[in-house]
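Protein chains: 2
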Amino acid sequence: MTELNQHIASAFDRDLEGIQARIMKMGGLVEEAIISAAIALEKRDEELAQKVREGDKAIDAMDESLNEEAARVIALRAPIASDLRVVLSVMRMSANLERIGDLSKNMAKRTSVLSQMQQIGGTAASLRRMAREVELMLKDALDAYIQRDEALALDVIERDRDVDQMYNTLFREFLTFMLEDPRNITACMHLHFIAKNIERMGDHVTSISEQVVFLVTGQMPTEARVKHDRTSTDFRLSSEFTQSDKD
Amino acid sequence: MTELNQHIASAFDRDLEGIQARIMKMGGLVEEAIISAAIALEKRDEELAQKVREGDKAIDAMDESLNEEAARVIALRAPIASDLRVVLSVMRMSANLERIGDLSKNMAKRTSVLSQMQQIGGTAASLRRMAREVELMLKDALDAYIQRDEALALDVIERDRDVDQMYNTLFREFLTFMLEDPRNITACMHLHFIAKNIERMGDHVTSISEQVVFLVTGQMPTEARVKHDRTSTDFRLSSEFTQSDKD
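Chain order of the listed sequences is A and B.
The numbers in our numbering rise by one with no breaks, and the one at position 71 of the first sequence is 71.
The numbers in our numbering rise by one with no breaks, and the one at position 232 of the second sequence is 232.
Worth flagging that the hints you see were computed from the coordinates, not collected in a lab.
Worth double-checking, as some hints may not be accurate.
All copies of an identical chain are treated as equivalent in the list; a pair is satisfied when it fits inside any one copy or across any two copies.
[Unchecked claim] DMTMM-like, lysine to aspartate or glutamate: derived pairs with alpha carbons at most 25 Å apart: (1) 196 to 13; (2) 139 to 203; (3) 196 to 102; (4) 57 to 158; (5) 57 to 68; (6) 43 to 54; (7) 139 to 155; (8) 196 to 54; (9) 57 to 203; (10) 196 to 68; (11) 196 to 60; (12) 196 to 173; (13) 57 to 173; (14) 57 to 180; (15) 139 to 69; (16) 139 to 17; (17) 57 to 149; (18) 139 to 173; (19) 139 to 60; (20) 196 to 69; (21) 51 to 31; (22) 57 to 181.
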């Protein structure tokens, strides 16, 4: 390697470190948004919900600036092959984090509306547990990214099935509450949306983990994804929605 | 301008034309996916639904290759300022189109499940009309992009309110059907998800239109967006979900 190449390589590495530090910071904000939104819902804490909604602007701004920074690095360093892959994967992870932030904000938005209605059994606590699981998955996915830890990333992808399972259980509960008393219908539809949003957050965390596997191995963990997807047409699950919204 | 600069500029323009042609082709496929998914649902045409599901792979692949091509252009031409903005906006439009494709696929996935259940009034036809409206909006948004037509883009953003209104009306219908007969609850929840998905497609078309306004004026049409968003906390709408899921 010539001295010039070395110089270019390390400048690229420095840029990349900066971008990675930012995505970790963004990930931390998103983790906080998930769990705060769920706690706000459970405690009917409208102030905390408002904080989540306000905080989403910072997350959106970070996504914006990460994209610009990534474009700047591509323009300046013209990375090829695996280096380009790293930059593009950061852009995708940022998009996934931004979406999780939006979903947390949407959950927070329903808090005021739901606070006006009667509680539906222990479902708010179940939603908080589900959100907590997704938050832990996100934490591990980000760790897996930094450590380039394929095993941990695959573990996160596997755990998304638990989240799907929690969603299934909740869906059945909502149906029961609606059948029991039609006055529960409106609240249950809101809560069901929230459950679906959390389930969708899990999908975005899975996407992040897939990016990690791709970075380490050069291949997407398609096998696992395909198997996962097949259940969506399983008629034994047809009255539930679990797998129907995989992208 | 030196001859060399001219040469570089036109090479960039050629690259850009190629990318733009691709995004238009992708847009065409997505338009078809929206309307086919809605027709498949109304006619209970499982074969057509399957075609939509299969077709989503092509849309995903186009998003993938558009991103790679955009990165290649940034790396090769190192565009600055407004040129870089064009390339980044194409990447964002591609992401929006890819999401609309996913939402169409999700709609198609529910067709088999819904075909097993009784029809819920004329709601499938209403969903098809709503999807048709979104498809026309997308067509205009893409035209607005190619023509750099700010007025048309703003018109599309305005029309998204009609889609929200259609969603509101449908939501009220589903509630009525559920209250009327609890056996309608499962089908209504599926149909409600579809309505929400179409409403969300409208949001993605709005994002595309906003990118057009940004390209032409250098500013996002934030005013309109903020006003739009305020209604989400309007308690007169609290039993409906219309605005709650704006990102």
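Evaluated hints:
1. When the C-alpha separation of residue 196 and residue 13 is checked against a cutoff of 25 Å, the pair qualifies neither within a copy, at 39 Å, nor between copies, at 43 Å.
2. Taking CA atoms no more than 25 Å apart as the test, residue 139 paired with residue 203 passes inside one copy only; the shortest distance there is 14 Å, against 29 Å between copies.
3. Both within a single protomer and between protomers do residue 196 and residue 102 lie at most 25 Å apart by alpha-carbon distance, with minima of 13 Å and 16 Å respectively.
4. In this assembly of identical chains, the alpha carbons of residue 57 and residue 158 lie at most 25 Å apart only when taken from different copies (23 Å versus 31 Å within one copy).
5. With identical chains, the CA atoms of residue 57 and residue 68 are at most 25 Å apart within one copy only, with a shortest distance of 17 Å there and 28 Å across copies.
6. For a Cα distance limit of 25 Å, the shortest separation of residue 43 from residue 54 inside one copy, 19 Å, qualifies, whereas the shortest one across copies, 44 Å, does not.
7. In this homomeric assembly, residue 139 and residue 155 come within 25 Å of each other (Cα to Cα) only inside a single copy, at 12 Å, whereas the closest approach across copies is 42 Å.
8. With identical chains, the CA atoms of residue 196 and residue 54 are at most 25 Å apart both within one copy (22 Å) and between copies (24 Å).
9. In the homo-oligomer, the alpha carbons of residue 57 and residue 203 lie at most 25 Å apart both inside one protomer (22 Å) and across protomers (18 Å), since each shortest distance falls under that limit.
10. Within a single copy, residue 196 and residue 68 get their C-alpha atoms no closer than 31 Å, and across copies no closer than 32 Å, so neither meets the 25 Å cut-off.
11. For the homomeric pair residue 196 and residue 60, the shortest alpha-carbon distances inside one copy (22 Å) and between copies (23 Å) are both at most 25 Å.
12. In this assembly of identical chains, residue 196 and residue 173 lie within 25 Å of each other by CA distance both inside one copy and across copies; the values are 14 Å within and 21 Å between.
13. For the homomeric pair residue 57 and residue 173, neither the shortest alpha-carbon distance inside one copy (34 Å) nor that between copies (34 Å) is at most 25 Å.
14. For the identical chains of this complex, residue 57 and residue 180 are neighbours neither inside a copy (40 Å) nor across copies (42 Å), given an alpha-carbon limit of 25 Å.
15. For a Cα distance limit of 25 Å, the shortest separation of residue 139 from residue 69 inside one copy, 23 Å, qualifies, whereas the shortest one across copies, 32 Å, does not.
16. In this assembly of identical chains, residue 139 and residue 17 lie within 25 Å of each other by CA distance solely inside one copy; the values are 19 Å within and 41 Å between copies.
17. In the homo-oligomer, the alpha carbons of residue 57 and residue 149 never lie at most 25 Å apart, since the shortest distance is 31 Å inside one protomer and 28 Å across protomers.
18. Proximity of residue 139 and residue 173 under a CA criterion of 25 Å is satisfied in neither setting, with 29 Å inside one chain copy and 41 Å between copies.
19. For the identical chains of this complex, residue 139 and residue 60 are intra-copy neighbours only, at 19 Å inside a copy versus 27 Å across copies, given an alpha-carbon limit of 25 Å.
20. In this assembly of identical chains, residue 196 and residue 69 lie within 25 Å of each other by CA distance neither inside one copy nor across copies; the values are 33 Å within and 34 Å between.
21. In this assembly of identical chains, residue 51 and residue 31 lie within 25 Å of each other by CA distance solely inside one copy; the values are 14 Å within and 38 Å between copies.
22. Taking identical chains as interchangeable, the C-alpha atoms of residue 57 and residue 181 are never at most 25 Å apart, the minima being 39 Å within one chain and 42 Å between chains.
Going through the hint list in order, the structure does not satisfy hints 1, 10, 13, 14, 17, 18, 20 and 22.
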